[in-house]
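Add chain S to chain H, keeping to what the hints say.
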Amino acid sequence: MTGSAALVTVLAVPLAGAAAALLVGRRGAAVVGLLTSALGVVAAFALAAHVFAGGLQRVAVGGWAVPLGMELRADGLATAMLLMTAVIGAGISVYAWRYFGADDHHDRHVHPVGPSGSGSTQWLFWPVWLLAWGALNALYLSGDLFNLYVTLELLGLAAVALVALAGAGAAAAALRYLLFALLGSMLYILGVELLYAAHQTLDLLQLRERLQPGVSVWLAAALMSTGLLVKTAIFPLHVWLPPAHGSAPAPVSAALSALVVKAGFYLLARLWLDLFGSLPGASVAPLLLGALGAGAVLWGGVQALRQTRLKAMIAYSTVAQLGYLMIALPLAGRVTDGAMHAAVLLAASHAAAKASMFMCAGSLLAAYGHDRIDALTGFGTRLPITATAFALAAISLVGLPPTGGFVGKFALVEAAVRADAWWAVAVVLLGSLLAAAFLFHALSRAFVEAPADTASARVARAPQLVALALALLAVALVAAGEPLRHLLAAGAAN
Amino acid sequence: MSLALLYGLAGIALVAMGLYAALAARHVLRRLLGLNVLGSGVFMMLVALASRASDSAGRPDPVPHAMVLTGIVVAVSATALALALLRRMHAHDGSPRLPEDRDDASDGPSP
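Heads up: the sequence lines are chains H and S, in that order. Residue numbers for the first sequence follow the numbering used here, beginning at 1 and rising by one. Residue numbers for the second sequence follow the numbering used here, beginning at 1 and rising by one.
None of these hints come from the bench; they were simulated from the model. From a predicted model like this one, the values you see are computed outputs, not experimental measurements. Incorrect hints may have been included.
To be verified - Some but not every residue of chain H turned toward chain S, in silico, with C-beta under 7 Å:
no., residue
1, Phe146
2, Glu153
3, Leu157
4, Ala172
5, Leu175
6, Arg176
7, Leu179
8, Leu183
9, Ile189
10, Leu190
In this text, a Cβ means the ideal position worked out from N, Cα and C, and glycines have one as well.
In isolation and in its complexed conformation, chain S is listed as follows:
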């Protein structure tokens, strides 16, 4: 098994875990962490892709690297905005969950 394949498979595993957390968790912070794990998986697959598609001199493909860098910037800004909104919602509503997920009284850290 080549290193690129290992990275790629690890990326797929991260994507699956992140997607599950983003969809199944009810605490918004957990969903946000899930989305970040999902993003890391995507970036890892891109890095693996870059080393696989290297040119004749063995240099990796620069385009996926540029994509990962841009993607990280986007992910950081989106996460910052989401955290700010989460704090604001928590201060206003007293719950870290979206209104449709607040069916029970306890708003503790459980998922």
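Chain H extracted, bound-state conformation:
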């Protein structure tokens, strides 16, 4: 397989899988979903091998050259995001297979993890989830501002539909999410329009060469950034995230918190490091984004500390974790810089740990029938696998060694010290303390002795093992630093 074939395969596999899952219907959707996930992982690794060996991979869609056609490109950063999506996405697929499939299980002694009753539409998870996966891949591979808009919308619509799968009670959360997403993409497309009016191209690389500083470019940058901040749920535009992520079924929460919000961060990084970074005086804007990130880390941490329900707490932790990624932007001058390396590591380990943690929350919800943190007593003895997974994921999120979260935070602090940005060091340390406070409070429930009368439902083991595997992945990412550095450097666009 050539590099361009691998690139097209990465794009085509989830989209074809989504169509196939819809066509085969309820009976076979899960099988199609699992097969597609396996193929998706293979395709992503094949593309990564090509980027490792041959640098930037590109395909002109339909043979039409830029500027009339559009180009798909895979550089180091895009490939890293694709790999993260594929590996975590496959884990989410396996979890969802047991979660939604538990209703059909013959063994009635094992309590299904998934919600029973609303089973008639549950299989729709598969086509919509594969569509979201395809939209993410398309977004990472797009080298064209308008194509990015289309993929953003595709991703937004799929994500909203995933939230709505929880039933009529989640309609308000899904609707709020959709209204925010639509507003965000309208602001983004307005900015794209201004850039096109001034430069007659939508291609990112061409635009970078032609970019002329001026009022319209700054206005475009402001509009696009605001739109993306809404979509990424960066403080103070995060209000839609906790209800949407907190009310969705466990595999959906995992996919949204781990993968979908990272798309907005990726685009912000692309815009400010690749495109607008060359403007005179452009360093002010990333600094502003970094300040918002600092606000997100602190506000998200404090809010997470105040939550009484586990899923809401985990969702606020996502708000805080997205802040760290924003802090990396003013510290990084280019995509290959150390701070960006730290941000990608943090994004990947957050994806693994957060997916695992939402899966744990799903198992706890099934075992206890609620997710009030203070009443989850004794889950260490009742669900030892889940408790282990939760502990490992928490350690990585807080940033204790030896985990991916630790390496990411260490690299971020190192970049901050090198740039004399002591405010960033202070925020990272303070945010870690807050994360330790709320995560270890939840974890401490595991070791409280449970009242004898609460023992009831047994929970299936397979979903818990998936959560454990993803938590172990978050720990194993401790070794990902060097390969990631090589990947970012090998695939650099310039």
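Same frame as chain H, now just chain S:
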């Protein structure tokens, strides 16, 4: 004033009106209509842009036209999804407003 400029200014006016409605209205249907007006303004500006950037033979630039067509498809699907969700929320909660906007008892059609 050229025709393209007129279209462009009308587009900007629509964007401003739509943005205001999307942010200030509390009835979700009004916010959705606001977002659609905002989208129409964006598309109108794109059409104006296409005629301004015409080539030597006077043919308009095809790229903004392609963008408008794609944008309309996206807007229609997003609006359909939002309307379906609005109906579902109204049936479940008995209100056409998001929970944070339901501070008073009346859920009538007022904004």
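Outcome of the hint check:
The restraint placing phenylalanine 146 of chain H at the interface with chain S holds, with a minimum CB-CB distance near 6 Å, inside the 7 Å limit. At about 5 Å, the closest approach between the beta carbon of glutamate 153 of chain H and any beta carbon in chain S falls short of 7 Å, and the interface hint on this residue holds. A least Cβ separation of about 6 Å between leucine 157 of chain H and chain S falls short of the 7 Å threshold, and the interface hint therefore holds. Restraint check, alanine 172 of chain H versus chain S: the minimum CB separation of about 5 Å is within 7 Å; hint holds.
Satisfaction of the interface hint for leucine 175 of chain H is found here, the shortest Cβ-Cβ separation to chain S being roughly 4 Å, below the 7 Å cut-off. At a threshold of 7 Å, the smallest CB-CB gap from arginine 176 of chain H to chain S is about 5 Å, leaving the interface hint in force. Nearest Cβ of chain S to the Cβ of leucine 179 of chain H: about 6 Å, under the 7 Å cut. The hint holds. Interface hint status for leucine 183 of chain H: upheld, as the beta-carbon distance to the closest one in chain S is roughly 6 Å, under 7 Å.
Because the closest C-beta pair between isoleucine 189 of chain H and chain S is about 6 Å apart, less than 7 Å, the hint holds. Taken as an interface hint, leucine 190 of chain H checks out: its beta carbon lies about 6 Å from the nearest beta carbon of chain S, inside 7 Å.
No hint from the list above goes unmet by this structure.
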